[in-house]
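If you read the sequences in order, they're chains A and B.
Using our numbering, you'd call the opening residue of the first sequence number 1 and step up by one each time.
Using our numbering, you'd call the opening residue of the second sequence number 1001 and step up by one each time.
Any given hint could turn out to be false.
To be verified - Now the in silico label distances, taken between C-beta atoms and shown as ranges:
1) B:1017 with A:69: 40 to 46 Å
2) A:4 with B:1005: 26 to 32 Å
3) B:1010 with A:5: 34 to 40 Å
4) B:1017 with A:47: 42 to 48 Å
5) B:1021 with A:77: 36 to 42 Å
6) B:1011 with A:46: 45 to 51 Å
7) B:1005 with A:11: 27 to 33 Å
8) B:1018 with A:46: 44 to 50 Å
9) B:1099 with A:4: 40 to 46 Å
10) B:1009 with A:85: 19 to 25 Å
11) A:26 with B:1002: 41 to 47 Å
12) A:85 with B:1011: 23 to 29 Å
13) A:45 with B:1077: 15 to 21 Å
14) A:72 with B:1007: 17 to 23 Å
The set of hints was computed from the structure by calculation and includes no laboratory data.
For glycine and all other residues, C-beta sits at the position ideal for the given N, C-alpha and C.
There are 2 protein chains.
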Amino acid sequence: MIAPTGSLSADVPERLDDERVDELVSAHGLRVERIVSTGQASPPGFWYDQNWSEWVMVLSGSAGLRFEGEAEPRRLGPGDYVTIPPHARHRVEWTDPARPTVWLAVYVRSEPEAG
Amino acid sequence: MIAPTGSLSADVPERLDDERVDELVSAHGLRVERIVSTGQASPPGFWYDQNWSEWVMVLSGSAGLRFEGEAEPRRLGPGDYVTIPPHARHRVEWTDPARPTVWLAVYVRSEPEAG
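Here chain A stands alone, though its shape is the one from the complex (with noise of 0.2 Å):
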């Protein structure tokens, strides 16, 4: 098949360990990724510092996003995205306890930087 297809919604596990990442694609500087959460969190004094540009967004469920300097948590539900600079430090405060939080993240490659 030229053009694989699936579904966001297959195989959503009710309850893990750990959080769950598929890549859904990998390509030319690009990758997107399923991510499922089920009460996860980033661990204390975590923050990412990314070199590259994210793109993500909340399908179901919801968490609390928080940026480096920002008082509180950005709240994203079901259709909220953020777009994340490089280098923008940032950790996930808080996941849907109740229920599974399915994230899409979009990575995209930064162009190298000029010496």
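Assemble the complex: chain A is given as a structure, and chain B must be docked to it using the hints.
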């Protein structure tokens, strides 16, 4: 705000003469768009033939996406996605006439081709 936030559920029109396209992010060879269709389809005989990769999913509504060489369109409903390689000729045979179909499309620039 360092990381722009929005909702894919915002401002979904019920009826449109043409499809509505909202660019959500564009950077580093990546483009993410929300597309809202209300019954539109590709014109008869028209095929998309893109020199970039596309990853597209249906968030709500439904659509028939046909690839050249396949007898029938593939039916896409909420959560269904397709990875469309460069130059995989395809067309939208139909979108739900009764309610808006909301697509999320991710386009990524191809690597320069060897000469």
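So which of those numbered hints doesn't the model satisfy?
Per hint list: 3, 5, 6, 9, 11 and 13 violated.
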